[in-house]
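For the sequence shown, the UniProt record's numbering assigns the number 1 to the initial residue and increments by one for each residue that follows.
Possibly wrong hints are sitting among the right ones.
Only pairs whose alpha carbons sit at most 27 Å apart, straight line, appear in this in silico DSS-like list of lysine-lysine [to be verified]:
hint: 1; residue 1: 303; residue 2: 99
hint: 2; residue 1: 42; residue 2: 224
hint: 3; residue 1: 71; residue 2: 282
hint: 4; residue 1: 42; residue 2: 223
hint: 5; residue 1: 99; residue 2: 223
hint: 6; residue 1: 282; residue 2: 42
Simulated restraints, written as ranges between beta carbons of each label pair [stated by the list, open to error]:
hint: 7; residue 1: 136; residue 2: 99; range: 17 to 27 Å
hint: 8; residue 1: 99; residue 2: 220; range: 15 to 25 Å
hint: 9; residue 1: 128; residue 2: 316; range: 38 to 48 Å
hint: 10; residue 1: 326; residue 2: 198; range: 36 to 46 Å
Just so you know, the hints here were simulated from the structure itself, not pulled from any lab data. Where a beta carbon is used, it is the ideal one built from N, C-alpha and C, also for glycine.
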Amino acid sequence: MRQDKGGFRSGSGSGAKTQMPMGPFGRQTLLRREPTGGVLDKQAILLLAVQALFGIALALSGTFVPIYLWKASSSYMLVGWFTMSQYLTCGITFWLAGKWVKEYNKMNSLRTGIVLSGAFYFTVLLLGRQAASFIIPLGILNGIALGLFWVAFDVIYFEITEPDNRDRFNGWSGLLGSGAGILAPWVSGLLITSMRGERGYQIIFSASLVILGLAVVLSFWLKKRKQEGRRYNWRHGFQQLAVPGNPWRRVLPAVVAQGVREGVFLFLVGLTVYIATQNEAKLGSFTLITSFVALISFWLVGKRLSSRNRKRAMLIGTIMNGLVILPLFYNVNFTTLLLFGIGTSIFMPLYIIPMTSRVFDLIGESQTGGGEREEYIVLREAGLTFGRVLGLTGYLIVLTQNNSPLAVVWLLFIVGSVPIIGWWLMRPLLDKETV
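Turn these sequences into a full structure, and let the hints steer you where they fit.
Right under this line is the structure:
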């Protein structure tokens with residue numbers, strides 16, 4: 001899951017102008033809505049539903065795309081280059097689509113992303129085992145789809161949430177993502193292993209198409225967001241980074257550190273489980289158990305976390321997400337991988353929720369009159385993309401030289417420890433309580 005996501009967003013609402021302190025920048029005027037009291041409105045709930053359907057489709061099939069490519073090639077490099085083309089295209093699409101989302105119709109960007117995700121799975125379905133011969137075009141198609149969906153989703157998320165309910169939204173977002181991951185990959189794994197040939201893969205890819213179609217239909221109940229008539233500033237991110245004392249000069253490297261980890265973990269963990277077990281059903285069981293633990297963890301953290309304790313929570317999360325990798329140095333088997341997966345599921349919300357919420361709070365604080373949210377969201381994604389490419393480059397270099405289980409574990413440990421740099425950079429901002 002873009003899990004990406006996430007995994008993770010009003011500026012368009014009415015209300016009085018509120019003066020907010022901006023550190024070295026003095027005070028800037030920011031348009032804000034009335035406090036929500038932490039409650040999510042109907043539009044936020046609807047957006048979560050669209051995200052949940054999108055997540056279910058990706059959980060059904062996306063978990064097994066790297067496995068499908070691996071079975072066709074037995075090549076770490078092929079899977080790596082597919083992922084690299086996806087990351088690069090997604091980042092470029094984010095930057096280019098920022099203009100569409102800001103000046104035209106962001107809802108069409110959201111729907112187009114969902115439709116193209118369906119086109120990706122349909123193409124894989126048609127190609128069958130020949131998909132391994134088209135990894136770059138397939139990676140590009142999936143990257144465009146993800147870029148169009150997430151740039152629109154992030155902007156809409158930002159518009160319909162406020163600092164006082166953003167942690168709750170992110171908690172529910174993680175909870176629903178975990179919920180999607182509980183049954184979907186498990187069912188997929190059972191179907192794949194219980195059916196002969198490619199029949200199981202054909203069924204799960206077809207099911208993803210149907211679910212993505214439902215997500216498109218549901219998206220029509222999301223209100224069309226008002227366009228403010230501002231022009232998209234292609235150079236906005238570079239301009240912010242050139243200003244001495246701008247908080248984005250600390251935040252962007254922290255986001256890069258997040259991306260380094262995501263770039264490898266998003267696909268290598270599942271691939272490692274499959275290689276260790278040679279069984280898709282085992283991978284489905286791994287995902288079911290770890291997602292169930294993550295669901296509980298996201299719910300608890302989302303309910304308890306506030307701007308006052310983000311700093312401590314994020315520190316605990318970053319340290320423990322590195323330490324839970326240590327059992328893999330003993331042996332790489334299903335048991336140690338499951339211990340690692342459960343540990344990650346417990347502690348990841350402590351890191352990702354404060355990180356995501358604080359970055360989007362900063363987007364709100366950095367705007368002048370609510371007019372640059374798209375540019376700031378694109379800037380954040382640029383950091384994630386750079387980090388993902390950096391982490392994936394390390395993967396390609398290391399596993400070209402040595403693809404032993406120990407080399408894979410060292411790679412996971414190194415990139416899994418990088419977010420501690422992000423916590424160190426974010427400390428001053430986490431100390432500031434959002435008002």
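Taking the hints in turn, this is what the structure says about them:
1. 303 - 99: Status violated; Cα separation ~35 Å.
2. 42 - 224: holds, 14 Å
3. 71 - 282: The given pair, whose Cα atoms are some 15 Å apart, holds under the 27 Å limit.
4. 42 - 223: Within the cut-off at roughly 10 Å; holds.
5. 99 - 223: holds, 20 Å
6. 282 - 42: violated, 38 Å
7. 136 - 99: 17 to 27 Å: holds, 26 Å
8. 99 - 220: 15 to 25 Å: Since residue 99 and residue 220 have Cβ atoms about 23 Å apart, the given range 15 to 25 Å holds.
9. 128 - 316: 38 to 48 Å: holds, 46 Å
10. 326 - 198: 36 to 46 Å: Holds - the Cβ-Cβ distance for residue 326 and residue 198, about 38 Å, lies within 36 to 46 Å.
In terms of the numbered hints stated before, the structure departs from hints 1 and 6, listed from lowest to highest.
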